[in-house]
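Number of protein chains: 2
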Amino acid sequence: MTEQDMVLTTRIRLARNFTSYPFPAKMSPDQKRALGTAVAQAVENANFGANRLKVISLESLKEWELFALIEKHLISPEFAEHPVGKTLICSEDHTISIMVCEEDHLRIQIILSGLQLQKAYELADKIDDLFESAIGYAFDPELGYLTACPTNLGTGLRASVMLHLPALEGQGALAGLSATISKLGLTIRGTYGEGSEVTGSVYQLSNQITLGISEQHAIQNLEGVVRQLMRQEEDMRKMLYSDHPQQIEDRVWRSYGVLQNARILSGKECDRCLSDLRLGLSLGILPTVTPDTLRTLADQTGAASICVAAGSLLQPEERDNRRAALCREILSK
Amino acid sequence: MTEQDMVLTTRIRLARNFTSYPFPAKMSPDQKRALGTAVAQAVENANFGANRLKVISLESLKEWELFALIEKHLISPEFAEHPVGKTLICSEDHTISIMVCEEDHLRIQIILSGLQLQKAYELADKIDDLFESAIGYAFDPELGYLTACPTNLGTGLRASVMLHLPALEGQGALAGLSATISKLGLTIRGTYGEGSEVTGSVYQLSNQITLGISEQHAIQNLEGVVRQLMRQEEDMRKMLYSDHPQQIEDRVWRSYGVLQNARILSGKECDRCLSDLRLGLSLGILPTVTPDTLRTLADQTGAASICVAAGSLLQPEERDNRRAALCREILSK
Numbered sequence: 001m002t003e004q005d006m007v008l009t010t011r012i013r014l015a016r017n018f019t020s021y022p023f024p025a026k027m028s029p030d031q032k033r034a035l036g037t038a039v040a041q042a043v044e045n046a047n048f049g050a051n052r053l054k055v056i057s058l059e060s061l062k063e064w065e066l067f068a069l070i071e072k073h074l075i076s077p078e079f080a081e082h083p084v085g086k087t088l089i090c091s092e093d094h095t096i097s098i099m100v101c102e103e104d105h106l107r108i109q110i111i112l113s114g115l116q117l118q119k120a121y122e123l124a125d126k127i128d129d130l131f132e133s134a135i136g137y138a139f140d141p142e143l144g145y146l147t148a149c150p151t152n153l154g155t156g157l158r159a160s161v162m163l164h165l166p167a168l169e170g171q172g173a174l175a176g177l178s179a180t181i182s183k184l185g186l187t188i189r190g191t192y193g194e195g196s197e198v199t200g201s202v203y204q205l206s207n208q209i210t211l212g213i214s215e216q217h218a219i220q221n222l223e224g225v226v227r228q229l230m231r232q233e234e235d236m237r238k239m240l241y242s243d244h245p246q247q248i249e250d251r252v253w254r255s256y257g258v259l260q261n262a263r264i265l266s267g268k269e270c271d272r273c274l275s276d277l278r279l280g281l282s283l284g285i286l287p288t289v290t291p292d293t294l295r296t297l298a299d300q301t302g303a304a305s306i307c308v309a310a311g312s313l314l315q316p317e318e319r320d321n322r323r324a325a326l327c328r329e330i331l332s333k
Numbered sequence: 001m002t003e004q005d006m007v008l009t010t011r012i013r014l015a016r017n018f019t020s021y022p023f024p025a026k027m028s029p030d031q032k033r034a035l036g037t038a039v040a041q042a043v044e045n046a047n048f049g050a051n052r053l054k055v056i057s058l059e060s061l062k063e064w065e066l067f068a069l070i071e072k073h074l075i076s077p078e079f080a081e082h083p084v085g086k087t088l089i090c091s092e093d094h095t096i097s098i099m100v101c102e103e104d105h106l107r108i109q110i111i112l113s114g115l116q117l118q119k120a121y122e123l124a125d126k127i128d129d130l131f132e133s134a135i136g137y138a139f140d141p142e143l144g145y146l147t148a149c150p151t152n153l154g155t156g157l158r159a160s161v162m163l164h165l166p167a168l169e170g171q172g173a174l175a176g177l178s179a180t181i182s183k184l185g186l187t188i189r190g191t192y193g194e195g196s197e198v199t200g201s202v203y204q205l206s207n208q209i210t211l212g213i214s215e216q217h218a219i220q221n222l223e224g225v226v227r228q229l230m231r232q233e234e235d236m237r238k239m240l241y242s243d244h245p246q247q248i249e250d251r252v253w254r255s256y257g258v259l260q261n262a263r264i265l266s267g268k269e270c271d272r273c274l275s276d277l278r279l280g281l282s283l284g285i286l287p288t289v290t291p292d293t294l295r296t297l298a299d300q301t302g303a304a305s306i307c308v309a310a311g312s313l314l315q316p317e318e319r320d321n322r323r324a325a326l327c328r329e330i331l332s333k
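These protein sequence lines map, in sequence, to chains L and Z. Our numbering applies: residue 1 is where the first sequence begins, and numbers increase by one. Our numbering applies: residue 1 is where the second sequence begins, and numbers increase by one.
Keep in mind that a hint or two might mislead.
Since the list gives no way to pick out one identical chain from another, each pair is judged satisfied if it fits inside one copy or across any two copies.
In the SDA-like style, the derived pairs of lysine to any residue whose C-alpha atoms are separated by at most 25 angstroms in a straight line are [as the list claims (entries may be wrong)]:
| no. | residue 1 | residue 2 |
| --- | --- | --- |
| 1 | Lys268 | Glu194 |
| 2 | Lys333 | Gln246 |
| 3 | Lys333 | Val289 |
| 4 | Lys72 | Val43 |
| 5 | Lys333 | Thr288 |
| 6 | Lys238 | Ala325 |
| 7 | Lys238 | Glu317 |
| 8 | Lys26 | Glu103 |
| 9 | Lys238 | Gly311 |
| 10 | Lys268 | Ala80 |
It is worth saying that the hints were derived from the structure and are not from the lab.
Okay, chain L solo, but in the shape it has when bound (with noise of 0.2 angstroms):
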């Protein structure tokens, strides 16, 4: 079993707001339009490989893609609340993504495959150090980074890991699991953060503290915390199958028959499946599905994401319709 098996992303996000502006909640429109236009002027020439930045004015959206850049989890549902004015700076590979006038002036984030912390937060660090020279950032030299609320300030990093955790969950081990990581300062969440539901046994696991700790202590504390998690997960998982391989196999064959053969699919049913494949695979039960595939099933089957394809914000019914033709062309290739 591999990293890859459990933890799907990692992400680092950094709040910072600058010295000559207030803070969002109290700049009018054309104040976030200004700085919207000065953050992009601050990056137009940065080299981040084949990683193009494109620069996105949130009000020239459409509802549906508003939700699919929540689904994709490049901008947070307080960001979309109300475009007016604001700006998203976006790489084409959805790596890096950079909102403008959140709750702060800035918020960097940075989304790599896998458990990739170190190197998320250097790509984060770099893009910080472009803004800090260009503009200037609100800096205390006792209390760290000024944010608007003051669960960020400090480092005003937040660093989290979308971990995959099936058996964990099946064996009803993550509530007493959670009550420990909280001790670590650490949190775990549904899917979507805070108060968020968990579709297809994913959690979002974080950091809590952001003052008083340096952020390499800070991601190396959730690191350690996460391989840990990813132990005791590979363990269940191994016990379970070698206690169960039928039902296993069952469970894994049956959602991969649901996907190959419905005609109407909820997101949740496919979340549910896609969990169960994910499962499979790691365990050597699928083996003509790649991790390539699920993937792209991932990606394209959110609520959101299909609208976008169809180009139009679509009912339900509609979307379970796609989502399941979706399910089965994808499958078939």
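Since the structure of chain L is provided, determine the placement of chain Z on it from the hints.
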């Protein structure tokens, strides 16, 4: 839609007793064996085309072999209960089965696929004549054939048809129809007769009246009602499919996906899936499944049939594994 899409099998059963023997309830095992031999001799040289008859001593069979005969409707559960001294005469293709010393001396049974009441009756009648001339029946000019139970007195004929009625069942229309059917001297029951559960939406429709009615009249009455039910079922299927095409296709394809992928499959779920496949076939939804495949599936996936194939009495878990493997194998052909 054809008759075979709604009528699985036609069955004719004649109850007969000989003058020269007491009723089976009063016979010793040796007397029963002697009658078995006499009956076997009477049909020894009979010619039923390719249908060679086998003479089976019931007490030589293993428990699961008896269950398999019940499962295929070749014998009654009552016949299997005390096998000592009893004889079964059965054609290789299972069209003809003659129980010697069930409740009556003879239960001559013909099973044909689809709706073939007249043809089945003619074959039963031909066999009936053989015994009549060879051994001599207990017959009263006024009452007709004498039987152990008065419910069979007269013609001794039970004609029945196995109907697949998923649409009428799904619409809850059968409760109302059942009362009407009863007024016509017929009864509609579960897959294995009185008090049995309905599996896979298969219903047994049969005549109840044997006294004061001719065989031809009984058969015509039954056939008339069958044709009426078929029309209603066909209309309902077409209406459902035209009103909810996605839902019907989803149901059919999902069941196909279960049969193709499950590793654990209960008899009940298998019957339900087969029912959906039958429905799909009749609506032209499943292009790759043939009626032959369906027949093979239905024929081999019963609990007792699986034990017979394995040559041993299997536990339910083992049966469910083998049933799933069998379905995958048959569908992959």
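Hint check results:
no., hint, in the structure
1, Lys268 to Glu194, "within (19 angstroms within a copy, 42 angstroms between copies)"
2, Lys333 to Gln246, "between (27 angstroms within a copy, 23 angstroms between copies)"
3, Lys333 to Val289, "both (10 angstroms within a copy, 22 angstroms between copies)"
4, Lys72 to Val43, "within (23 angstroms within a copy, 77 angstroms between copies)"
5, Lys333 to Thr288, "both (10 angstroms within a copy, 19 angstroms between copies)"
6, Lys238 to Ala325, "between (33 angstroms within a copy, 23 angstroms between copies)"
7, Lys238 to Glu317, "between (38 angstroms within a copy, 22 angstroms between copies)"
8, Lys26 to Glu103, "within (10 angstroms within a copy, 94 angstroms between copies)"
9, Lys238 to Gly311, "neither (43 angstroms within a copy, 34 angstroms between copies)"
10, Lys268 to Ala80, "within (23 angstroms within a copy, 49 angstroms between copies)"
When the structure is compared with the earlier hints, a violation turns up for hint 9 alone.
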